[in-house]
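Using the hints provided, position chain B relative to the given structure of chain A.
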Amino acid sequence: MYLEVENLNVNLGEFHLKDISLEIERGEYVVLIGPTGSGKSVLLETIIGFYQPDSGIIKLDGKILNDVAPEERNIGIVYQDHVLFPNMNVYDNIAYGLKRDKSLTKEEIDEKVKSIAEKMNISHILHRDVLTLSGGESQRTALARAIIVGPDIILMDEPFSALDVTTQAKLTSLIKDIGVEYKTTFLHVTHNFNDVWNLADKVGVMKNGVLHQLDYIYKVFSKPANDFVASFVGVNNIFDGKIVNTKQNSVTVKLNDNIQIQSTDDEYCNLASHEVIGENVLVAIRPENIIFAKSTFESSARNQLKGKITKIEESGPIVNVETDVEGILFKGILTRNSFENLDLKLNGEVYLIFKSVNVNVLDSYNTFKLS
Amino acid sequence: MTDWSPIFISMKTASLSIFITFFVGLIVAWGLVKLKNDSLKIVLDGIFTLPIVLPPTVVGFFLLYIFGVRGPIGRFFIDFFTVKIAFSWHATVIAAVVMSFPLMYRSARGAFEQVDSNLLDAGRTLGMSEWNIFWKVLFANALPGIISGGILAFARGLGEFGATAMLAGNIAGQTRTLPMAVYSEVAAGNMGEAFNYVIVIVIISFIAIFIMDYISIRKERQWK
Numbered sequence: 001m002y003l004e005v006e007n008l009n010v011n012l013g014e015f016h017l018k019d020i021s022l023e024i025e026r027g028e029y030v031v032l033i034g035p036t037g038s039g040k041s042v043l044l045e046t047i048i049g050f051y052q053p054d055s056g057i058i059k060l061d062g063k064i065l066n067d068v069a070p071e072e073r074n075i076g077i078v079y080q081d082h083v084l085f086p087n088m089n090v091y092d093n094i095a096y097g098l099k100r101d102k103s104l105t106k107e108e109i110d111e112k113v114k115s116i117a118e119k120m121n122i123s124h125i126l127h128r129d130v131l132t133l134s135g136g137e138s139q140r141t142a143l144a145r146a147i148i149v150g151p152d153i154i155l156m157d158e159p160f161s162a163l164d165v166t167t168q169a170k171l172t173s174l175i176k177d178i179g180v181e182y183k184t185t186f187l188h189v190t191h192n193f194n195d196v197w198n199l200a201d202k203v204g205v206m207k208n209g210v211l212h213q214l215d216y217i218y219k220v221f222s223k224p225a226n227d228f229v230a231s232f233v234g235v236n237n238i239f240d241g242k243i244v245n246t247k248q249n250s251v252t253v254k255l256n257d258n259i260q261i262q263s264t265d266d267e268y269c270n271l272a273s274h275e276v277i278g279e280n281v282l283v284a285i286r287p288e289n290i291i292f293a294k295s296t297f298e299s300s301a302r303n304q305l306k307g308k309i310t311k312i313e314e315s316g317p318i319v320n321v322e323t324d325v326e327g328i329l330f331k332g333i334l335t336r337n338s339f340e341n342l343d344l345k346l347n348g349e350v351y352l353i354f355k356s357v358n359v360n361v362l363d364s365y366n367t368f369k370l371s
Numbered sequence: 001m002t003d004w005s006p007i008f009i010s011m012k013t014a015s016l017s018i019f020i021t022f023f024v025g026l027i028v029a030w031g032l033v034k035l036k037n038d039s040l041k042i043v044l045d046g047i048f049t050l051p052i053v054l055p056p057t058v059v060g061f062f063l064l065y066i067f068g069v070r071g072p073i074g075r076f077f078i079d080f081f082t083v084k085i086a087f088s089w090h091a092t093v094i095a096a097v098v099m100s101f102p103l104m105y106r107s108a109r110g111a112f113e114q115v116d117s118n119l120l121d122a123g124r125t126l127g128m129s130e131w132n133i134f135w136k137v138l139f140a141n142a143l144p145g146i147i148s149g150g151i152l153a154f155a156r157g158l159g160e161f162g163a164t165a166m167l168a169g170n171i172a173g174q175t176r177t178l179p180m181a182v183y184s185e186v187a188a189g190n191m192g193e194a195f196n197y198v199i200v201i202v203i204i205s206f207i208a209i210f211i212m213d214y215i216s217i218r219k220e221r222q223w224k
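Protein chains in written order, with my numbering: chain A, 1 to 371; chain B, 1 to 224.
Because the hints were derived from the structure by calculation, they are not lab data.
Zero decoy hints are in this set.
35 Å max Cα-Cα, derived DSBU-like pairs, lysine-lysine: (1) A:Lys112 - B:Lys219; (2) A:Lys106 - B:Lys136; (3) B:Lys136 - A:Lys183; (4) A:Lys63 - B:Lys36; (5) B:Lys136 - A:Lys102; (6) A:Lys170 - A:Lys99; (7) A:Lys112 - B:Lys136; (8) A:Lys99 - B:Lys36; (9) A:Lys18 - B:Lys41; (10) B:Lys136 - A:Lys63; (11) B:Lys136 - A:Lys170; (12) A:Lys63 - B:Lys34; (13) B:Lys219 - A:Lys102; (14) A:Lys207 - B:Lys36; (15) A:Lys106 - B:Lys34; (16) A:Lys99 - B:Lys136; (17) A:Lys114 - B:Lys219; (18) A:Lys18 - B:Lys36; (19) B:Lys136 - A:Lys114; (20) B:Lys41 - A:Lys99; (21) B:Lys34 - A:Lys59; (22) A:Lys102 - B:Lys34; (23) A:Lys99 - B:Lys219; (24) A:Lys106 - B:Lys219; (25) A:Lys102 - B:Lys36; (26) B:Lys34 - A:Lys18; (27) B:Lys36 - A:Lys59; (28) B:Lys136 - A:Lys119.
Looking at chain A on its own, in the form it has when it is part of the complex (with noise of 0.2 Å):
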């Protein structure tokens, strides 16, 4: 494992980062998303060296980095406000962290800052005052002089949230290049879900100074830990339920008298029947998994629910519909297209079909840790 951190606790009077362990390979992009005051960008000090942890290990390529001065840490780290050093230009910028190396002659320097600045296409602004360039440009300086000192890591504190949408993508689209090219190793903090689909390999959630999980993004997204990473990753149905039977393919939960609903979560499959039965769980279903139709039908979909539409929400391509089945509420979204093929109307009748591998069944335990 490339970066280690291990039980990981940093108390900052007010704030308290808890417990955090995550392991990064070389080579990976991770990306932690959470809401504003989660304790990410705490974490990536941390890393890098600006906090002291009360308690727990940073290891970097199997060296132990606690008591290691973040100058000798060898992490890059590029900032939201991009921080390029007003008193110098754009060359000098990119070039200031290689006059660490005093074996480098001045041609050696130029060539490299020449070479990066090409591949990040800033050769024609290298001359420029930094305090007059655009975003887009003061970020591809700020990531040209964290990557020129060939850090073993970069640490990125939300670089594109400054940016517009267009600037974005072809930032974007130049790390995806940077990484492949250069091998290197990203921990990036966003709340940008875009910079998840398009960057990570990985991809942790956090909440409160907690780390809920980190993961390949299929898994936090498709079996999320906990309802917080659920609801925060946008699975909008997550109910309170009971197993009620256990085959060896299928658990059915029961959400009250008249709804029972079938998940083959591999988990609670495996466990034996005896365990789990009359255990409370929760279940959680992405409402892009709920099908949408008129009348019931033969599928290979185990659940089919018939409800009521009470909400109906327009927002471009996108109609969210809201059905009370029996007193609960599921939440799915259909294209515009297929709203209206459908015809759905308020207080209109409906089938909500969904497969029970969409069926998530997360563990009460974790439920209660959160509240």
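Same frame as chain A, but now just chain B:
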């Protein structure tokens, strides 16, 4: 005929004192900015600022107490180096340094505190030493404030009177600086001679202010 020695003594005194004040002021300001203990910071700031708040004669009294022939440092210099500090040209420099130090220190500290601390952190993550970051990032970005402080301190050293009178006296050709000369000539009823000295002081002071404003305006335009 006008005795021009006070001009040379004053320029010599102000030049040496600003050289000392500039570097000591910078280092002390940097040390205080980095200091984590707030209580100690307040106490030290009070001590370093005191000379500008106290009447110059009171500062001169303390200096005389320390550097006088019976003072601990004054005695030490006489015993070990056979150098008498009080009522010598060195005393004019000491008085100018002590009186101008707070201006340099406070300006430098204010200028350092205005620099975004993320810039220093960025320098650290690039592997640069604290010393390099101090000169290339902190000092460079605080330069307008530091230059203002330096020029104010130079002007203060040039115009120093009360503490100098107490510690260095008013010995013609040795410790008689321009302000001393103005005072002496007026006391002797030589208004014409005093006027000549006043003109010189006004010109030097104006040039100092002009340089300070020129640098500030140039930096402001550059950073806009």
